[in-house]
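Engineer: Sequence:
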Amino acid sequence: MNFIAIDFETANSKRTSACSLGIVVVKDSQIVEKKSWLMRPQPFEFNYFNTLINGFSEKHLCDKPLFCDCWEEIQPYLEGQTIVAHNAAFDISVLLNTLDYYDIPYPNSRYLCSYKASRMIFSDLINYGLDTIANSLGISFCHHDALEDAEVTAKILIHMIDSTRCTCIDDFAKHIDIELGTIRDSYYSGCQHINGEPVRLTKSRSIPLSKKITATVEEFNTHSYFYRKTVVFTGALDGMSRTQAYQIIANLGGQLAEGVTRKTDFLILGQQDYRLLNGHTLSSKTRKALEYANAGTGIQIVSEADFCKMIGDESYG
Numbered sequence: 001m002n003f004i005a006i007d008f009e010t011a012n013s014k015r016t017s018a019c020s021l022g023i024v025v026v027k028d029s030q031i032v033e034k035k036s037w038l039m040r041p042q043p044f045e046f047n048y049f050n051t052l053i054n055g056f057s058e059k060h061l062c063d064k065p066l067f068c069d070c071w072e073e074i075q076p077y078l079e080g081q082t083i084v085a086h087n088a089a090f091d092i093s094v095l096l097n098t099l100d101y102y103d104i105p106y107p108n109s110r111y112l113c114s115y116k117a118s119r120m121i122f123s124d125l126i127n128y129g130l131d132t133i134a135n136s137l138g139i140s141f142c143h144h145d146a147l148e149d150a151e152v153t154a155k156i157l158i159h160m161i162d163s164t165r166c167t168c169i170d171d172f173a174k175h176i177d178i179e180l181g182t183i184r185d186s187y188y189s190g191c192q193h194i195n196g197e198p199v200r201l202t203k204s205r206s207i208p209l210s211k212k213i214t215a216t217v218e219e220f221n222t223h224s225y226f227y228r229k230t231v232v233f234t235g236a237l238d239g240m241s242r243t244q245a246y247q248i249i250a251n252l253g254g255q256l257a258e259g260v261t262r263k264t265d266f267l268i269l270g271q272q273d274y275r276l277l278n279g280h281t282l283s284s285k286t287r288k289a290l291e292y293a294n295a296g297t298g299i300q301i302v303s304e305a306d307f308c309k310m311i312g313d314e315s316y317g
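Heads up, the sequence shown is in the working numbering, so the first residue is 1 and it goes up one at a time.
Each hint should be verified, as a subset may be incorrect.
Unchecked claim - Computed Cβ-Cβ distance ranges for the label pairs, DEER-style:
| # | residue 1 | residue 2 | range |
| --- | --- | --- | --- |
| 1 | 139 | 218 | 19 to 29 angstroms |
| 2 | 194 | 55 | 33 to 43 angstroms |
| 3 | 298 | 33 | 47 to 57 angstroms |
| 4 | 185 | 211 | 47 to 57 angstroms |
| 5 | 123 | 305 | 31 to 41 angstroms |
| 6 | 139 | 70 | 40 to 50 angstroms |
It should be emphasised that the hints constitute simulated quantities derived from the structure, not laboratory data.
The model shown is predicted, which means the values in this text are computed figures rather than measured ones.
C-beta: ideal position from N, C-alpha, C; glycine also.
Whenever a hint applies, use it, and build me the whole structure from the sequences.
Structural biologist: Structure, rendered in structure tokens:
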């Protein structure tokens with residue numbers, strides 16, 4: 001089983017703003033090579049949330065080569081290969097839009113979206129994000145580092161193929177009813193489910209995580225910021241899992257909720273995966289919270305750093 005796992009990071013919402021690329025080469029089901037590039041994005045602009053997610057700013061990339069200057073080295077990894085990316089619609093779009101920007105011909109390749117594939121393999125996860133799947137497999141990594149994301153993507157696909165006892169990507173794609181995407185000259189076709197998108201498979205679908213968490217203490221600190229307050233989270237937290245954060249709020253006497261309403265007291269901001277924001281710079285929860293804040297409901301929008309200060313070290317026990 002041979003393939004190339006890739007991951008792009010971008011500097012802003014433009015699909016031409018590739019600023020980091022990670023590539024992992026898999027041969028005979030083994031990772032045999034890892035390579036990454038930093039590049040100066042076009043346009044040379046940095047969205048606050050992109051920087052918050054991947055850490056790249058002007059000072060990190062101002063002296064880096066352009067994508068077109070790196071292409072001669074990148075192309076051999078992709079030409080004639082099967083490319084794998086988690087949420088390939090994003091990564092392939094970044095690749096093709098950036099190639100278009102520099103008027104560079106497309107490589108002749110095929111590609112598989114490991115996100116789409118994971119929906120057919122994993123049935124007990126809250127979602128199919130790269131970090132969620134990695135955690136379920138006991139894989140630790142630094143999310144939104146392009147090379148580490150590419151490596152985890154490779155490991156997840158190897159696991160999925162092994163679990164189905166398939167011997168190659170073509171057999172695996174057929175097994176899970178997926179048609180590989182193709183890239184040819186100036187044309188590409190998407191990776192898609194042959195018989196349409198499947199119903200999301202998850203045991204947790206009908207009961208939100210916030211409704212499953214209950215306090216594990218009998219007495220609450222009535223002076224806590226969150227005592228009898230309704231708390232909502234958006235994005236991924238760096239310092240703890242969503243389950244841990246929910247448990248902390250429950251043990252402080254707070255009320256957990258999934259969506260932002262007029263009754264919401266706090267919205268805690270984690271790192272947003274901008275690839276899932278459908279073109280917006282803020283999550284739907286954040287946009288709704290800002291509307292309520294402007295309307296004077298009293299909702300407070302809190303960063304993860306401030307949240308950690310507010311809960312205090314004692315709440316971790």
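Engineer: With reference to the structure, classify each hint as holding or not holding.
Structural biologist: Tested hints:
1. 139 / 218: 19 to 29 angstroms: Violated: the Cβ-Cβ distance is about 37 angstroms, outside 19 to 29 angstroms.
2. 194 / 55: 33 to 43 angstroms: Cβ of residue 194 to Cβ of residue 55: about 39 angstroms, so the range 33 to 43 angstroms holds.
3. 298 / 33: 47 to 57 angstroms: Holds, since residue 298 and residue 33 (Cβ atoms, about 54 angstroms apart) stay within the stated range.
4. 185 / 211: 47 to 57 angstroms: 51 angstroms, holds
5. 123 / 305: 31 to 41 angstroms: 36 angstroms, holds
6. 139 / 70: 40 to 50 angstroms: 28 angstroms, violated
In terms of the numbered hints stated before, the structure departs from hints 1 and 6, listed from lowest to highest.
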